[in-house]
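Novice: Sequence:
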Amino acid sequence: MQRRPSDPTRLGSASRDSRCRIGQNRIPLLRAARVRDVRSPLLVLGLDGASLDVIRELAAAGRLPTLGAWLRDGVAGPLASTLPPMSFPAWSSFLTGVGPGEHGLFDFTQKIEGAYRLRFVNASDRAGETIFSRVSRAGGTVLALGMPATWPPERVRGLLVPGFDAPVSVGSDAEACSDPALYREIEERAGPWMTADLAEGAHDAGWHERAAEILPRRVEKKTRFAIEALRTLRQRNAGRRPDVVCVVFAESDTVAHHFWRDHDSSSPRHDPLASALRRGALGAVYEALDAACGELAEAMGSEALRVVVSDHGSGGASRRIVHLNRHLEQAGLLRRRPRSGLPLDSLARLARDAALRVLPPGAAQAIFRRARAGAARIESAARFGGFDWSRTTAFSEEANTQPGVWLNLAGREARGSVAAQDRERALRDVIDVLGEWRLPGGEGCVVSRVRPREEVYAGPFVSRAPDLIVELADDAGYGLSLVPTPWGVGTSESLRTLDLAELGGGRGRGLGGVHRPDGILVAAGPGAQTLASVRRIEALAPALLRSIGLDERPSRPSPPAPRGFTADEEAELAARLRGLGYLE
1 MQRRPSDPTR LGSASRDSRC RIGQNRIPLL RAARVRDVRS PLLVLGLDGA
51 SLDVIRELAA AGRLPTLGAW LRDGVAGPLA STLPPMSFPA WSSFLTGVGP
101 GEHGLFDFTQ KIEGAYRLRF VNASDRAGET IFSRVSRAGG TVLALGMPAT
151 WPPERVRGLL VPGFDAPVSV GSDAEACSDP ALYREIEERA GPWMTADLAE
201 GAHDAGWHER AAEILPRRVE KKTRFAIEAL RTLRQRNAGR RPDVVCVVFA
251 ESDTVAHHFW RDHDSSSPRH DPLASALRRG ALGAVYEALD AACGELAEAM
301 GSEALRVVVS DHGSGGASRR IVHLNRHLEQ AGLLRRRPRS GLPLDSLARL
351 ARDAALRVLP PGAAQAIFRR ARAGAARIES AARFGGFDWS RTTAFSEEAN
401 TQPGVWLNLA GREARGSVAA QDRERALRDV IDVLGEWRLP GGEGCVVSRV
451 RPREEVYAGP FVSRAPDLIV ELADDAGYGL SLVPTPWGVG TSESLRTLDL
501 AELGGGRGRG LGGVHRPDGI LVAAGPGAQT LASVRRIEAL APALLRSIGL
551 DERPSRPSPP APRGFTADEE AELAARLRGL GYLE
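The sequence shown begins at 1 in the working numbering and counts up one residue at a time.
Hints should not be assumed to be uniformly reliable.
Beta-carbon label-pair distances, calculated as ranges [as the list claims (entries may be wrong)]: (1) A410 / S275: 55 to 61 Å; (2) I112 / R63: 46 to 52 Å; (3) R428 / S266: 36 to 42 Å; (4) R428 / R184: 56 to 62 Å; (5) R184 / L277: 46 to 52 Å; (6) N237 / P180: 29 to 35 Å; (7) P526 / L439: 48 to 54 Å; (8) E209 / P440: 32 to 38 Å; (9) G444 / A60: 27 to 33 Å; (10) A414 / E502: 33 to 39 Å; (11) G191 / A419: 56 to 62 Å; (12) I112 / E209: 38 to 44 Å.
With a straight-line Cα cutoff of 25 Å, these simulated DMTMM-like cross-link-like pairs (lysine to aspartate or glutamate) come out [what the hints assert, rightly or not]: (13) K221 / E209; (14) K221 / E185; (15) K221 / E287; (16) K221 / E175; (17) K221 / E187; (18) K221 / D197; (19) K221 / D179; (20) K221 / E113; (21) K221 / E188; (22) K221 / D173; (23) K221 / E295.
What the hints contain is simulated information worked out from the structure, not anything from laboratory work.
The C-beta atom is built at its ideal place from N, Cα and C for all residues, glycine as well.
Taking the hints into account, I'd like the entire structure generated from these sequences.
Specialist: Here it is as structure tokens:
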């Protein structure tokens, strides 16, 4: 289980010298679950990246009647995410009731031990039984739609349609679901479950206006699919509703990434000339989500416990971007191989990005499929190529989804330069270098906190995380963005202020909205008060299991043999993640 900081509302607020003061909060291992009738149905509405301050502001203005009523009559508060506050680890902690060190998913990718390469991961890499599996095993019926990190789908009594990370093109492919025949039956009447009908990797002149219109409509389409799925499962179960319905909407995250700067007039990336459509995009998506909550709650009936949860919050991005490897290089901790011309990793990144910007999705994915090494190898070359490993002490993947630093440790890495007995000294050197990194003019720190992974996580999979976990500081209330160093291209700065023309975001510039560590928890209906004490996302699954009469204690079976991606699937996923801004 991820360990609890002394003040869970202040993640990232401590100095670099602080240590996570941990109170043990382990839940005992699972006893054999008893099959019991669900006391009342459970409706979980996942609003990816939704923020409580936005909901409260819009509800106060009368724009969110359903959520406003649940705020008033039920339980509401912040829900601390995982570290990093990102979809894969956070939703996995929701599903399993344990932290990343115990379920094993920290990011969309995982560095391969002993190699300067990475691979894409999926649900088969996760340990721990999910809430969907446990309800199914106890005899209950489950409808789960759009949950990240659920591909390949597990067997459930009911239907599971994976989230945006499933390697499918636009609408979910029936074969990617737990019951293809049932999915096709629903699709015939309601249309497909939409995942990627918006090309987020290519921002032409009218992209934001199109996106502002598409996102609320996508919420409506997903709601229509969910209502039809509910109706179909009731027909199959002699009129009985599913025991657990979980529907995750990614649109709240997408709109925050791309439209926060238009919504927030104080944002350093704000465009005063943005159209009214762009300025109102975030509110329009939240209104569509409120309508979805109301429709799904009505379909489930008043006896259902209604729970709204987000995996993390959202906020505005600073105008400054961070190149972590450049800073390590300037401190003498990382060395590049001398080259003439453009470095190979920069060429790989430029070619990859050009394909994603210029070519239609199918053609871009074909490039990855036909590349000799595959999408993961191309991504590995972009992140790790060009380093002089014999003179490199520390390096970063420069993944904004998981800021961290690896030591080039001898005996672990293929060309490690740090002896095992020097590990602690090397860790201290990196911590000191990052702790002394300041914003221009001494305005504050670039890094708010950096800790060894053993102080952040506990469990059998801690070694999957970088050696040091880095938390970037706020810049006057706005989040700094970690962006890959453009080796051989443009600036040599480790901390750069974007030009006016770059403020719209995109590859190499970050996005206008960033993740925040506090998500949301709103509960209404029978049993809502039992969730009042839940403060962290991994604590929610046990509370929900308890609310429906099942044993609350997490089951921690080992993950099955990981089911890797085919070349086509890997290409599809890589293009999807880059389009969403999760891979630079």
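Novice: Indicate, hint by hint, whether the structure satisfies it.
Specialist: For each hint, the structure was consulted:
{"no.": "1", "hint": "A410 / S275: 55 to 61 Å", "verdict": "holds (56 Å)"}
{"no.": "2", "hint": "I112 / R63: 46 to 52 Å", "verdict": "holds (47 Å)"}
{"no.": "3", "hint": "R428 / S266: 36 to 42 Å", "verdict": "holds (38 Å)"}
{"no.": "4", "hint": "R428 / R184: 56 to 62 Å", "verdict": "holds (58 Å)"}
{"no.": "5", "hint": "R184 / L277: 46 to 52 Å", "verdict": "violated (36 Å)"}
{"no.": "6", "hint": "N237 / P180: 29 to 35 Å", "verdict": "violated (19 Å)"}
{"no.": "7", "hint": "P526 / L439: 48 to 54 Å", "verdict": "holds (50 Å)"}
{"no.": "8", "hint": "E209 / P440: 32 to 38 Å", "verdict": "holds (35 Å)"}
{"no.": "9", "hint": "G444 / A60: 27 to 33 Å", "verdict": "holds (32 Å)"}
{"no.": "10", "hint": "A414 / E502: 33 to 39 Å", "verdict": "holds (36 Å)"}
{"no.": "11", "hint": "G191 / A419: 56 to 62 Å", "verdict": "holds (59 Å)"}
{"no.": "12", "hint": "I112 / E209: 38 to 44 Å", "verdict": "holds (42 Å)"}
{"no.": "13", "hint": "K221 / E209", "verdict": "holds (19 Å)"}
{"no.": "14", "hint": "K221 / E185", "verdict": "holds (16 Å)"}
{"no.": "15", "hint": "K221 / E287", "verdict": "holds (14 Å)"}
{"no.": "16", "hint": "K221 / E175", "verdict": "holds (20 Å)"}
{"no.": "17", "hint": "K221 / E187", "verdict": "holds (11 Å)"}
{"no.": "18", "hint": "K221 / D197", "verdict": "holds (12 Å)"}
{"no.": "19", "hint": "K221 / D179", "verdict": "holds (20 Å)"}
{"no.": "20", "hint": "K221 / E113", "verdict": "violated (42 Å)"}
{"no.": "21", "hint": "K221 / E188", "verdict": "holds (13 Å)"}
{"no.": "22", "hint": "K221 / D173", "verdict": "holds (16 Å)"}
{"no.": "23", "hint": "K221 / E295", "verdict": "holds (12 Å)"}
Checked against the numbered hints listed earlier, the structure breaks hints 5, 6 and 20; every other hint is satisfied.
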